[in-house]
Amino acid sequence: MCFLNDIAIDTKTGYVFFILENKCDFDCSLDGWFVKDAGRNTFYLSAIGAGEKEKVFSKANKSVWNDVGDQFFMFDKSGLLVEYYEYGEN
Numbered sequence: 001m002c003f004l005n006d007i008a009i010d011t012k013t014g015y016v017f018f019i020l021e022n023k024c025d026f027d028c029s030l031d032g033w034f035v036k037d038a039g040r041n042t043f044y045l046s047a048i049g050a051g052e053k054e055k056v057f058s059k060a061n062k063s064v065w066n067d068v069g070d071q072f073f074m075f076d077k078s079g080l081l082v083e084y085y086e087y088g089e090n
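Be aware that the sequence shown starts at 1, since it is given in our numbering, and climbs by one per residue.
Careful: at least some of the hints might be erroneous.
Listed next, the in silico DSBU-like pairs over lysine-lysine satisfying Cα-Cα at most 30 Å (straight line) [unchecked claim]: (1) K23 / K77; (2) K77 / K36; (3) K53 / K12; (4) K23 / K36.
For the record, the hints were derived by calculation from the structure and aren't laboratory data.
Please build the complete structure, drawing on both the sequences and the hints.
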């Protein structure tokens, strides 16, 4: 199962990224899957290999996920919520 490993800021670029990790022993197709934050910024996913971690960059400024608190929603290709994470003050 792929799941959220971390949300962080690249200190060189200021871009926010999240890391997905595949803990299965097989590849995981995430075609059509997407992630949103509390502000409804959307990030589309592709695939992640068995046992791999993948950084997904927001390619936006560091305010996409804010330092004080935010939410992470991951949906499958049918639009069903498969993972939710909340941190800080919302």
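Results of checking the hints against the structure:
1. As the CA atoms of K23 and K77 are separated by approximately 20 Å, the hinted pair is consistent with the 30 Å bound.
2. For the proposed pair K77 and K36, the alpha carbon gap of about 13 Å is at most 30 Å, so the pair holds.
3. Between K53 and K12 the CA atoms are separated by roughly 20 Å; this keeps the pair inside 30 Å, and the hint holds.
4. Of the pairs offered as hints, the one joining K23 and K36 holds, with about 22 Å between alpha carbons and a cut-off of 30 Å not exceeded.
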